[in-house]
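Now for the letters of each chain:
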Amino acid sequence: MYNLNCDVAIIGGGPAGLAAAVAAKKQGAEKVLIIERDNALGGILQQCIHPGFGLTRFGEELTGPEYYSRFVEDAIKLGVEYILNSMVLEIDEDKSSVICTNSEYGLTCVKAGSIVLAMGCRERTRANIVIPGTRPAGLYTAGSAQRLINRQNIMVGKKVVILGSGDIGMIMARRMTLEGASVVMVVELMDYLAGLTRNRVQCLDDFGIPLKLSHTITRIMGDTRVTGVYVAPVDENKKPILEKEEFVECDTVLFSVGLIPENEITNKAGIEIDRVTNGPRVNQYMQTSVPSIFACGNVVHVNDLVDNVSTESEEAGKYAALYAMGKLPENNGAADMVTGNNVRYLCPQSIMKADSDEKVSVYFRVLAPEFNVKLIARCGDEIIAQKKELRVNPGEMNHIDIPVSSIKGDKITVEVIKEG
Amino acid sequence: MNKEKAVVIGAGAVGCAIARELSKYEIDVVVVDKNEDIGGDASKSNSAIIHTGYDAAPGTLESQLVVAANPMYDELVKSLDVPFKRIGAILPAITEEQFKQLPAIKEKAFKNHVYDVEYKTGAELLEMEPNLNPEVKGGLYIPRESIIDPFILVQALAENAADNGATFMLNAKVTDIKTENGRVKSVVTTKGEIEADYVINSAGLYCDEIAEMVGKADYKVVARKGQFYILDKNTSCKVNNIVLPIPTKITKGKLMCPTIHGNMLVGPTAEDQPSKVDKSTSAEGLASVAADVSNLIPNVNLRDTITQYSGLRANRNPEGLNFDMYDDLKGYVNLSGVRSTGLTLSVAMGKYVVQQMMFHGAELTLKENFISKRKGIIKFSEQSREVQDELIKENPLYGNVICRCETITEAEIVDAINRPVGAKSVDAIKRRVRAGMGRCQGGFCGPKVIEILARELGVSTDEINKNNEGSYMVTGTTR
Chain A
1 MYNLNCDVAI
11 IGGGPAGLAA
21 AVAAKKQGAE
31 KVLIIERDNA
41 LGGILQQCIH
51 PGFGLTRFGE
61 ELTGPEYYSR
71 FVEDAIKLGV
81 EYILNSMVLE
91 IDEDKSSVIC
101 TNSEYGLTCV
111 KAGSIVLAMG
121 CRERTRANIV
131 IPGTRPAGLY
141 TAGSAQRLIN
151 RQNIMVGKKV
161 VILGSGDIGM
171 IMARRMTLEG
181 ASVVMVVELM
191 DYLAGLTRNR
201 VQCLDDFGIP
211 LKLSHTITRI
221 MGDTRVTGVY
231 VAPVDENKKP
241 ILEKEEFVEC
251 DTVLFSVGLI
261 PENEITNKAG
271 IEIDRVTNGP
281 RVNQYMQTSV
291 PSIFACGNVV
301 HVNDLVDNVS
311 TESEEAGKYA
321 ALYAMGKLPE
331 NNGAADMVTG
341 NNVRYLCPQS
351 IMKADSDEKV
361 SVYFRVLAPE
371 FNVKLIARCG
381 DEIIAQKKEL
391 RVNPGEMNHI
401 DIPVSSIKGD
411 KITVEVIKEG
Chain B
1001 MNKEKAVVIG
1011 AGAVGCAIAR
1021 ELSKYEIDVV
1031 VVDKNEDIGG
1041 DASKSNSAII
1051 HTGYDAAPGT
1061 LESQLVVAAN
1071 PMYDELVKSL
1081 DVPFKRIGAI
1091 LPAITEEQFK
1101 QLPAIKEKAF
1111 KNHVYDVEYK
1121 TGAELLEMEP
1131 NLNPEVKGGL
1141 YIPRESIIDP
1151 FILVQALAEN
1161 AADNGATFML
1171 NAKVTDIKTE
1181 NGRVKSVVTT
1191 KGEIEADYVI
1201 NSAGLYCDEI
1211 AEMVGKADYK
1221 VVARKGQFYI
1231 LDKNTSCKVN
1241 NIVLPIPTKI
1251 TKGKLMCPTI
1261 HGNMLVGPTA
1271 EDQPSKVDKS
1281 TSAEGLASVA
1291 ADVSNLIPNV
1301 NLRDTITQYS
1311 GLRANRNPEG
1321 LNFDMYDDLK
1331 GYVNLSGVRS
1341 TGLTLSVAMG
1351 KYVVQQMMFH
1361 GAELTLKENF
1371 ISKRKGIIKF
1381 SEQSREVQDE
1391 LIKENPLYGN
1401 VICRCETITE
1411 AEIVDAINRP
1421 VGAKSVDAIK
1431 RRVRAGMGRC
1441 QGGFCGPKVI
1451 EILARELGVS
1461 TDEINKNNEG
1471 SYMVTGTTR
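Respectively, the protein sequence lines represent chains A and B. Residue 52 in our numbering is what sits at position 52 of the first sequence, and the numbering runs on without skipping anything. Residue 1446 in our numbering is what sits at position 446 of the second sequence, and the numbering runs on without skipping anything.
Check the hints yourself; a few may be wrong.
As the list claims (entries may be wrong) - Subject to a maximum C-alpha distance of 20 Å in a straight line, what follows is the list of computed SDA-like cross-link-like pairs (lysine to any residue):
hint: 1; chain 1: A; residue 1: K159; chain 2: B; residue 2: D1462
hint: 2; chain 1: B; residue 1: K1448; chain 2: A; residue 2: A40
hint: 3; chain 1: B; residue 1: K1379; chain 2: A; residue 2: I99
hint: 4; chain 1: A; residue 1: K158; chain 2: B; residue 2: T1477
hint: 5; chain 1: B; residue 1: K1233; chain 2: A; residue 2: E73
hint: 6; chain 1: A; residue 1: K244; chain 2: B; residue 2: S1282
hint: 7; chain 1: A; residue 1: K158; chain 2: B; residue 2: K1233
hint: 8; chain 1: B; residue 1: K1393; chain 2: A; residue 2: G106
hint: 9; chain 1: A; residue 1: K238; chain 2: A; residue 2: N393
hint: 10; chain 1: B; residue 1: K1393; chain 2: A; residue 2: E104
hint: 11; chain 1: A; residue 1: K238; chain 2: B; residue 2: K1233
hint: 12; chain 1: A; residue 1: K268; chain 2: B; residue 2: D1304
hint: 13; chain 1: B; residue 1: K1393; chain 2: A; residue 2: N3
hint: 14; chain 1: A; residue 1: K353; chain 2: A; residue 2: S405
hint: 15; chain 1: B; residue 1: K1448; chain 2: A; residue 2: Q46
hint: 16; chain 1: B; residue 1: K1393; chain 2: A; residue 2: M1
hint: 17; chain 1: A; residue 1: K238; chain 2: B; residue 2: A1287
hint: 18; chain 1: A; residue 1: K268; chain 2: B; residue 2: R1385
hint: 19; chain 1: A; residue 1: K268; chain 2: B; residue 2: C1237
hint: 20; chain 1: B; residue 1: K1448; chain 2: A; residue 2: D38
Please keep in mind that the hints were generated in silico from the structure rather than gathered at the bench.
Next up, chain A with everything else stripped away, as it sits in the complex:
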């Protein structure tokens, strides 16, 4: 077996891994190694050739490749190392060695001072959401179709129905249209948009693509290739109203029905998983329940903006470097984050107490859309942070900054309360 040594090993060279690597290097880690399964760095952004990345971070609209290229440039300048075409099989029982394949070196063991998980996420499928019907060709997750079109220059179909109004779904509606396909409609189960409003405007409205809220696909038809789908409105319990079912002809169905953090390696390593996010539980250092292992990006929780991923991953890289150097702040106990009214999950899931004037950005998603709300964080009876929002929406992540020094108890509750 081929052996490599490093201070910080980063699993995944997408936006999360790249930002973590740069931050680890800046923090002073000597040898930072990215292990990437693809034949190039950049992760899923390689296939995201549309603009819209970097507005928060760089104040300009970049394409996916432009966005990650900035991090790749920094990484190379700083001397971050990487191996490509290397699939991590598992983290060894010592929790500090990563076993991966590599066609050139054979099976490879990367021994590291700390490990950062940055494997990203995968798409939910038609089968996950149990849509009945046949199993013909022409059913793709939106991301697979995006890969085929943008990286392999292969068209997947001509007449398309898209289920799910997630961002990838809407972006693919526009992409398919630009490639000459006809997008018949985007069907969304919920009564609100799953993705960002700007994508609805730029990808659907501008191209006259109808969005059917509170509808679902009830059956998929076709024995060889898809011939069409039945679409029906749903009642208040999300049950299809079958009397109103209508046939929609198409040769392709794209599914944009959610993302799931990809945590096969995490599970195998015995790391504690949050049942709501499906990602590892982390503290503000992005440290998992296994002290030598950190995690960031969509492997922790699914983000809607890559800018957030970069920020969060820089924290992971920074603290993974400090851990490798033996300089991570002492453990003075932690407070658990608790979801209150209209909060689906919180990330990080705990905050380590420290005598510090730092603030921790806690990210969360609401359960239901609401207007004119107050976000409140409480520790015991004391309100330790609060802010107002005009509008909250499950499709758009929120955050609240909590001063670490204000944490006195063992629990911090975050809630979203309607005002007035």
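Once you have looked at the hints, place chain B on chain A.
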């Protein structure tokens, strides 16, 4: 003298088992099938169980063959490298009513010569199967009920037959069987006509249509649909045994069992339908699976499903497994009523068919150089680190993991394409190496598999199908 030729119609488990058995003898064997791959119908969508025959109708050919087949698997899976496990089945009685049925079921098992069925108390069953309904009153344990990879069984039989000279003509639909002077003469397919001294109809769902071509269809085949769920390997509620319900008159009922690869399988329904092609699942069917199985395993978590599918059993009307040879049509062998026990009995049927052919005058001499063993595709993920390292050094394609969920490498996919009776479609790859069979259902590996197939087969990606003709995956290039 030219060798005699046997044409087997249908490349399912039974057809491939017959072909393999015939390939032991000095006779040319051609297997024809309308699908693009072997095992493309009932053999691919079933509950993947090797039965004991404990509940067959005693005294029938089906009982005889299933009971004979079960013990054959220990040896067969070793010779042919097929994943197989004797995990055993339990038949728990949840209600008093069901409890009263147990003696009759045991009695029937004895009539079928299945003597190792045993009573278990409710407590014993709960110990064996902690997720079982705690209401269980007691039940039966059937130790030799087993699980298998049904795809690999078919592939192994076919590959071994091919290694011994059998040829496979796929994408070839039989349109006619010609006869002359009370003997079969040839089989006409969409890919040409094949001279034949023997024609064996093992066409499953379509065996009535084939029999019709020679005027021997004194029965009809009714498709009986079975809908299933497959659950993620990580699902929260698993079982260790095949958990069977007390059967009803129509079906063995809806069961839950592990698959040989560690997923959970839940189903099937039993719904007669006029169509032989409609393999759709339905909301009602899947809901009935959920309702029935939760009686046995209350905590079954169907939200952990990674796929649902349905298969069609070839039920015969009038019912029952039939084997026929005819005095007025020499060389013709007709199998009908091969249904849910077909996978199990396939290997016994292979032997039975050849024996019957000899009984009816076929002069078959054993080959001297029959190759009895077949080596499967090496599974990279199941090897030790040392072996994995060696594999990559020998063939760098082992270092390239294509399917993340199941850890399938490019070398395995290339092997699946290039071996005898190799894969030509995306589904054929999936059934040989499991790329796309995991929780992402081909989301990641699908695009790569299309490219590898096109490269290895020397065709454009447009020509790659999911399975049969018309199931094209992509539509040309971008602008």
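- Item | Hint check against the structure, violated hint numbers in rising order | When the structure is compared with the hints, numbers 5, 7, 11 turn out to be violated.
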